[in-house]
Amino acid sequence: MALTIETTLAPQGPATAILLTDPQVVELGGGPRAAVLVTVAGRTERLRLARMGGLNCIGLSKAVRAAFNVEIGDTITAEIALDTAERTVDVPTDLAAALDSTPGLRAKYDALSYSRRKELARAVHSAKRPETRERRIAAAVAEVSGA
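If you read the sequence shown in our numbering, its first letter stands for residue 445, the second for the next number, and so on.
It is worth saying that the hints were derived from the structure and are not from the lab. Some hints could be false.
Stated by the list, open to error - Lysine-lysine pairs mimicking BS3-like chemistry, simulated, CA-CA at most 27 Å apart:
id : residue 1 : residue 2
1  : LYS506    : LYS562
2  : LYS562    : LYS572
3  : LYS562    : LYS552
4  : LYS506    : LYS572
Produce the entire structure from the sequences given, and follow the hints as far as they go.
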């Protein structure tokens with residue numbers, strides 16, 4: 445089941461969100477914290493429904509707004525569907541090598557939530573300098589190993 449809604453992106457603190465009514469959440473299925481696919485102007489992002497301050501929200505971070513090419517205050521048409529696909533993360537090869545170098549470390553990484561795995565991989569991937577990349581890999585390994 446997919447919903448198509450038109451909404452104006454109102455500020456929610458420093459970010460914004462697509463707000464859904466309780467009946468829309470029920471119609472969508474998946475519950476109040478469902479993983480969703482949101483499509484705006486032909487671009488699709490994997491997001492999550494959340495309940496905040498009594499509202500059903502799909503948060504749109506600055507990065508997601510940039511991907512959708514929208515800003516706070518814009519009126520958009522969004523198609524929202526349940527995301528039933530497995531959430532996988534593209535792990536940079538050097539991070540993967542570091543995780544694979546210690547027995548059991550890759551399994552600990554794989555046991556992290558999708559969001560945490562994604563953020564660790566994103567931090568490494570977005571590093572511009574080799575020293576920064578190495579530092580972020582070391583930090584990720586330390587976090588995963590519990591050091």
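Violations among the numbered hints, reported as their numbers in ascending order: Of the numbered hints given earlier, the structure breaks none, since each of them holds.
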